[in-house]
Each structure stands twice: as structure tokens, then as C-alpha cells.
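**Student:** Model the full structure from these sequences, guided by the hints.
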Amino acid sequence: MNNKSAAEPGHYFALLKPRVMSLVIFTAFVGMMAAVAGGSSLHPGLAAISILAIAVGAGASGALNMWWDADIDAVMARTALRPIPTGFIHKSEAAGFGLLLSGLSVALLGLASNYVAAALLAFTIFFYVVIYSMWLKRSTPQNIVIGGAAGALPPVVAWAAASGTAPLNAWILFAIIFLWTPPHFWALALYREGDYARAGVPMMPNVAGEESTKRQILIYSIVLVLAGLAPFATGLGGPFYLAVSSAFGAGFIMLAWRVFTAPPRSKDAAKSLFAFSIIYLFAVFAALLAEDLWTLYGRS
Amino acid sequence: MAAADDNLSPEAKKSRNRRSIAIALGLGAFILIVYLTTIIRISVNVGGAGS
Numbered sequence: 043m044n045n046k047s048a049a050e051p052g053h054y055f056a057l058l059k060p061r062v063m064s065l066v067i068f069t070a071f072v073g074m075m076a077a078v079a080g081g082s083s084l085h086p087g088l089a090a091i092s093i094l095a096i097a098v099g100a101g102a103s104g105a106l107n108m109w110w111d112a113d114i115d116a117v118m119a120r121t122a123l124r125p126i127p128t129g130f131i132h133k134s135e136a137a138g139f140g141l142l143l144s145g146l147s148v149a150l151l152g153l154a155s156n157y158v159a160a161a162l163l164a165f166t167i168f169f170y171v172v173i174y175s176m177w178l179k180r181s182t183p184q185n186i187v188i189g190g191a192a193g194a195l196p197p198v199v200a201w202a203a204a205s206g207t208a209p210l211n212a213w214i215l216f217a218i219i220f221l222w223t224p225p226h227f228w229a230l231a232l233y234r235e236g237d238y239a240r241a242g243v244p245m246m247p248n249v250a251g252e253e254s255t256k257r258q259i260l261i262y263s264i265v266l267v268l269a270g271l272a273p274f275a276t277g278l279g280g281p282f283y284l285a286v287s288s289a290f291g292a293g294f295i296m297l298a299w300r301v302f303t304a305p306p307r308s309k310d311a312a313k314s315l316f317a318f319s320i321i322y323l324f325a326v327f328a329a330l331l332a333e334d335l336w337t338l339y340g341r342s
Numbered sequence: 004m005a006a007a008d009d010n011l012s013p014e015a016k017k018s019r020n021r022r023s024i025a026i027a028l029g030l031g032a033f034i035l036i037v038y039l040t041t042i043i044r045i046s047v048n049v050g051g052a053g054s
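Protein chains in written order, with the working numbering: chain A, 43 to 342; chain B, 4 to 54.
If you're looking for bench data, these hints aren't it; they were derived computationally from the structure. Heads up, the beta-carbon is just placed ideally off N, CA and C, and yes, glycines get one too. Just so you know, not all the hints are guaranteed correct.
[As the list claims (entries may be wrong)] With a straight-line cut-off of 30 Å between C-alpha atoms, the simulated DSSO-like cross-links for lysine-lysine are:
1. K133/A with K59/A
2. K16/B with K309/A
3. K133/A with K309/A
4. K16/B with K133/A
5. K309/A with K179/A
6. K59/A with K313/A
7. K133/A with K179/A
8. K16/B with K59/A
9. K59/A with K179/A
10. K313/A with K17/B
11. K59/A with K309/A
[Unchecked claim] Derived coverage of chain A by chain B (criterion: at least 3 residues anywhere in the stretch with Cβ under 8 Å from a Cβ of chain B; other residues may be distant):
12. 50 to 58
13. 87 to 99
[Stated by the list, open to error] Per label pair, the in silico range of CB-to-CB distance:
14. I34/B with L123/A: 29 to 35 Å
15. S288/A with T41/B: 45 to 51 Å
16. E14/B with L123/A: 18 to 24 Å
**Tutor:** If you want it as C-alpha cells, here you go:
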């Protein structure tokens with residue numbers, strides 16, 4: 043199919059994976075506000091430009107991922123309508139677009155904040171494209187475990203943008219997203235197993251089997267919920283955060299248990315866990331944000 | 004150039020125009036953002052130096 047001459051600006055925007063970008067913007071904003079609530083200062087205009095640069099950097103890595111994975115995107119139902127498989131954008135254009143935006147986003151973050159944050163953003167893009175997409179994704183069922191580090195880095199990058207450093211609390215935010223990634227994607231893989239197998243991607247269910255995947259989902263969910271309580275222990279989160287994290291954590295473990303005990307080939311429990319995992323991550327980060335905003339503006 | 008244009012359907016020409024406009028807007032936005040970044044950083048640094 044050749045729709046290349048019919049490519050619209052929207053097709054290029056789709057290369058940036060806007061839904062992933064929105065999650066990156068949110069988690070980065072929470073990381074930045076946590077740093078500011080902790081005493082760091084960053085001009086609001088520079089903060090907004092830094093968040094924009096982080097979002098564009100994430101989008102650039104999405105475009106490079108679509109360039110590299112164009113062959114497997116074409117055979118998976120979830121990704122077959124992306125701009126490259128449908129022929130609207132040529133692979134080489136996506137690569138050029140991704141590289142250009144990568145360079146611009148890292149340079150812009152360096153200009154707007156500092157070079158620690160810019161280096162972390164460059165590392166995030168490198169990790170997602172080279173370590174995850176090019177190396178791990180097609181070679182090991184641990185692909186999304188290790189590759190999840192790329193998706194977990196934005197709050198650390200944003201914290202560094204505000205403060206010039208990446209302290210323990212920033213890495214706790216990293217750990218929450220890092221540990222959240224396996225149960226989130228394995229729940230998806232449980233009900234999209236055929237998709238990944240057809241594309242030759244060694245996701246956990248089609249390599250280790252359904253039972254092993256369900257057991258690992260449960261283990262990661264328990265560790266995730268414990269990590270989700272860590273911000274309270276270090277003072278990053280307060281009582282409100284503890285309440286939200288505990289309540290949603292209990293829900294997460296309950297749904298992971300339902301997946302674990304569900305009959306073979308049953309997809310409903312995995313779908314519920316996948317949907318709830320997104321709500322969980324939003325809830326714990328929103329609780330932190332609410333407390334930070336209260337610290338900064340609510341007491342005056 | 005004219006020969007290349009002749010190979011394009013009217014719809015493809017419209018798509019190309021929209022892509023060109025998007026590139027122009029993107030470039031303009033990038034220039035504006037770098038300009039704003041520079042101005043804000045200068046004002047922050049000058050303010051910081053004076054305090």
C-alpha cells in the first residue's frame with residue numbers, strides 16, 4: 043500500500059504515541075512538583091518548556107520505536123493501523139523525524155533547565171530505542187521488565203530539571219513505574235497472546251506459559267504495592283498519599299489474585315487488571331501531586 | 004518541479020500543503036520557545052546576580 047503522498051500532519055503526530063506522551067507528561071509533572079515542594083525552584087516558564095521537552099523526547103523515542111518495529115507492528119492487530127504499516131509514512135521518514143525530535147528535545151531541555159536532566163533524557167531515549175526496541179523486545183521475555191526503565195525515567199528527568207540532581211525520592215517514583223510495568227503489560231499480553239506470538243515477540247505468556255505469567259504478575263503486584271508505600275516512609279508522601287496508595291494497592295493485589303486464580307484462557311480478569319493498573323498509577327501519582335500542591339499553595 | 008506536481012492528485016497536493024503548513028508552524032514554535040527560554044534565563048540570571 044502506498045498512501046505516502048496522502049500523509050497528514052496527524053499521521054506524524056501519531057508517530058509520537060500521544061497516549062504514552064500524556065502519561066509521560068503527567069508523571070514528569072508530578073516529579074517536577076515533588077522537587078519544587080521539596081525546596082527546589084524553577085521558573086514556571088522554564089518548567090513548562092522542560093515538561094514539553096521531556097514529552098517531545100518521549101514522542102521521539104516512540105517514532106524511533108515505530109521505525110524499528112514496523113515489521114511486527116504490521117502483523118499485530120493492536121498496531122496494524124499505525125502510520126508506517128498503513129503506508130502513510132515511510133520508515134526512513136519516521137527515523138529522520140524521531141532523530142530530529144530527539145536532538146531538539148535534549149538540546150531544549152539542556153537550555154531550559156540543566157545538562158543533568160538533558161543527559162538523563164538522552165539516556166531515556168537511547169534506552170527505549172536501542173536497549174528495549176532493538177535488543178530486548180525480540181530476544182527475551184524479560185523485555186518489558188528491563189525495558190520498563192525507559193518509561194519509568196520521566197519523573198527522574200523532571201526532578202533533575204527542577205533541582206539539578208536525582209535524589210532517592212526521585213528513584214522511588216522510578217521504582218513505582220518500573221515495578222508497575224510488568225503486571226500492566228503481562229495482563230495485556232495475557233489477552234493479546236496470539237498477537238504477540240504471531241509477531242514473534244517473546245512475551246512472557248507465549249514463552250513461560252500462562253500459569254507462570256500469572257504467578258509473576260501476582261509477585262510483581264505485591265512488590266509494586268509495597269514500593270507504592272515507600273513515599274510515605276521517606277516523607278515524600280503524607281497521610282493522604284498513604285490512604286490512596288493503600289486503598290488502590292489493595293485493589294491491585296485483589297485483581298492480580300483474580301488473574302492468578304482465573305481458569306486457563308479466561309481473559310476477563312486480565313482485562314480488568316490491565317484497566318485498573320492504569321487507574322492505580324494515576325491515583326498514586328495524583329495523590330502525590332495533590333499533597334505537593336497543598337504544600338506549595340494550600341497553606342498560604 | 005512542475006512535472007512532479009503533475010503526478011499528484013488534488014487531494015495529495017492538499018495533504019502536502021497541510022504538511023508544509025505544519026512544518027512552518029513547528030519551526031516557528033521552536034524558534035519562539037528557544038527565544039522565550041533565552042529571555043527567561045537571562046532575566047532569572049540577572050535577577051539572581053542582583054540579589
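**Student:** With reference to the structure, classify each hint as holding or not holding.
**Tutor:** Cross-check of the supplied hints:
1. K133/A with K59/A: holds (16 Å)
2. K16/B with K309/A: Violated - the C-alpha atoms of K309/A and K16/B are around 46 Å apart, more than 30 Å.
3. K133/A with K309/A: violated (34 Å)
4. K16/B with K133/A: Status holds; Cα separation ~21 Å.
5. K309/A with K179/A: Within the cut-off at roughly 23 Å; holds.
6. K59/A with K313/A: Distance ~21 Å between K59/A and K313/A Cα, so the pair holds.
7. K133/A with K179/A: It holds: about 19 Å lies between the C-alpha atoms, which stays within 30 Å.
8. K16/B with K59/A: Holds, because 26 Å separates the two Cα atoms, which is no more than 30 Å.
9. K59/A with K179/A: At roughly 18 Å apart (the allowed maximum being 30 Å), K179/A and K59/A satisfy the hint.
10. K313/A with K17/B: Cα-Cα ~41 Å, so violated.
11. K59/A with K309/A: holds (26 Å)
12. 50 to 58: Holds, because 3 residues of the stretch 50 to 58 of chain A bring their Cβ atoms closer than 8 Å to Cβ atoms of chain B.
13. 87 to 99: holds (count 4)
14. I34/B with L123/A: 29 to 35 Å: This hint holds: roughly 34 Å between Cβ atoms.
15. S288/A with T41/B: 45 to 51 Å: holds (46 Å)
16. E14/B with L123/A: 18 to 24 Å: This hint holds: roughly 20 Å between Cβ atoms.
Hints 2, 3, 10 from the earlier list are contradicted by this structure; the remaining hints agree with it.
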